[in-house]
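Construct the entire structure; sequences and hints are all you get.
The chain contents come next:
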Amino acid sequence: VLGIGSDDDGMPLAENGLPPATLGGRPPAFYEDLLRRARAHTHARVARFTDDDLAREMRSSPPQNPGNERVFDARWILYHVLEHLAGHHGQILMLRHQYRAAVRTPAPSA
Amino acid sequence: MTVARIETLLATPPGFRSARVAQFLWQMDEQRRALLDGVRDLTPEALQWQPAPGTNSVGMLLAHIAYAEAHLVQVGVLGEQDGHAQDVIGITEEQEGLPLAPGAPPSPALAGKDLAFFVDVLARARAHTRRVAQSLEDADLERQVHRRRPDGAERVFNVGWVFYHLLEHEAGHRGQIGLVNHLRRLAGGG
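So the protein sequences, as listed, match chains H and L.
Count along the first sequence starting at 1, add 1, and that's the number in my numbering.
Count along the second sequence starting at 1, add 5, and that's the number in my numbering.
A couple of the hints might just be wrong.
Using C-beta positions, here's what the derived DEER-type ranges look like [as the list claims (entries may be wrong)]:
{"id": "1", "chain 1": "H", "residue 1": "N66", "chain 2": "L", "residue 2": "H151", "range": "46 to 56 Å"}
{"id": "2", "chain 1": "L", "residue 1": "P110", "chain 2": "H", "residue 2": "P67", "range": "47 to 57 Å"}
{"id": "3", "chain 1": "L", "residue 1": "S140", "chain 2": "H", "residue 2": "P64", "range": "38 to 48 Å"}
{"id": "4", "chain 1": "H", "residue 1": "Y100", "chain 2": "L", "residue 2": "E159", "range": "29 to 39 Å"}
{"id": "5", "chain 1": "H", "residue 1": "G4", "chain 2": "L", "residue 2": "S140", "range": "30 to 40 Å"}
{"id": "6", "chain 1": "H", "residue 1": "P64", "chain 2": "L", "residue 2": "V161", "range": "41 to 51 Å"}
{"id": "7", "chain 1": "H", "residue 1": "N66", "chain 2": "L", "residue 2": "T97", "range": "42 to 52 Å"}
Honestly, the hints are just simulated from the structure, not real lab data.
Note that CB positions come from ideal geometry on N, CA and C, so glycine has one too.
Quick look at the structure:
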């Protein structure tokens with residue numbers, strides 16, 4: 002769908018880690034394309050969903066914790082996609098604010 | 006081997022006239038649970054810590070979430086001309102402190118407040134929202150609200166959008182609170 006793997010977004014970043022090299026120098030258009038691809042995939046998949054599809058239970062066992070069975074439904078997935086996007090959107094706004102402040106007020110030289 | 010079952014199903018809580026509204030409230034309550042889980046054990050010092058002057062503290066963001074919820078329900082769902090969120094949560098828009106002027110310290114009205122203060126403010130806002138939401142029907146979600154902006158532009162939204170916005174607004178600020186907490190720990194703030 003996206004053309005990048007789960008490691009390529011760089012999260013979670015190690016302590017004192019730098020942004021992943023795979024994203025170095027990428028222009029905004031690169032990220033806009035990634036987001037557009039993901040959303041098009043979502044639209045294509047859920048456009049025909051019925052209420053029953055939204056309530057359908059799914060199960061998974063995370064490889065890192067096979068003793069746990071995770072049970073969720075498609076309605077919760079869509080809720081989570083929304084709150085996940087909104088949470089990171091809030092972080093992006095705050096990072097942009099800090100970036101602007103840092104550029105306006107350079108750190109004093111040692 | 007016993008397998009633990011972790012269930013995450015979006016529910017339709019009872020007590021509402023509309024299942025759609027009930028599901029909005031379930032999502033908002035789930036967001037609130039995650040929000041409070043992320044700030045538990047924060048001290049008054051941590052709640053008023055700023056990454057830099059002019060940036061919001063966690064306490065200000067919590068107060069803002071509560072203020073925005075009470076205000077939006079009053080003007081966006083109840084259709085009141087002027088919000089009076091202070092009657093619901095006990096603090097004014099000026100006291101929650103957003104937007105903060107460049108270089109400004111955190112809102113002095115929130116200085117020294119402990120977590121219980123913010124939890125109470127948030128709980129008051131949500132209790133108000135729940136009381137209002139329980140009487141709504143599906144058709145109310147389509148009801149349009151027209152408001153005039155200071156520049157003369159007409160703002161049009163519907164009640165369904167208000168519930169969506171309450172959810173994304175809280176989720177966005179929850180993301181910022183997580184980032185402020187992370188920056189505070191990196192700065193040695195415990």
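Do the hints match the structure? See the list:
| no. | hint | verdict |
| --- | --- | --- |
| 1 | H/N66 / L/H151: 46 to 56 Å | 51 Å, holds |
| 2 | L/P110 / H/P67: 47 to 57 Å | 50 Å, holds |
| 3 | L/S140 / H/P64: 38 to 48 Å | 47 Å, holds |
| 4 | H/Y100 / L/E159: 29 to 39 Å | 34 Å, holds |
| 5 | H/G4 / L/S140: 30 to 40 Å | 49 Å, violated |
| 6 | H/P64 / L/V161: 41 to 51 Å | 48 Å, holds |
| 7 | H/N66 / L/T97: 42 to 52 Å | 46 Å, holds |
The structure shown violates just one earlier hint, number 5.
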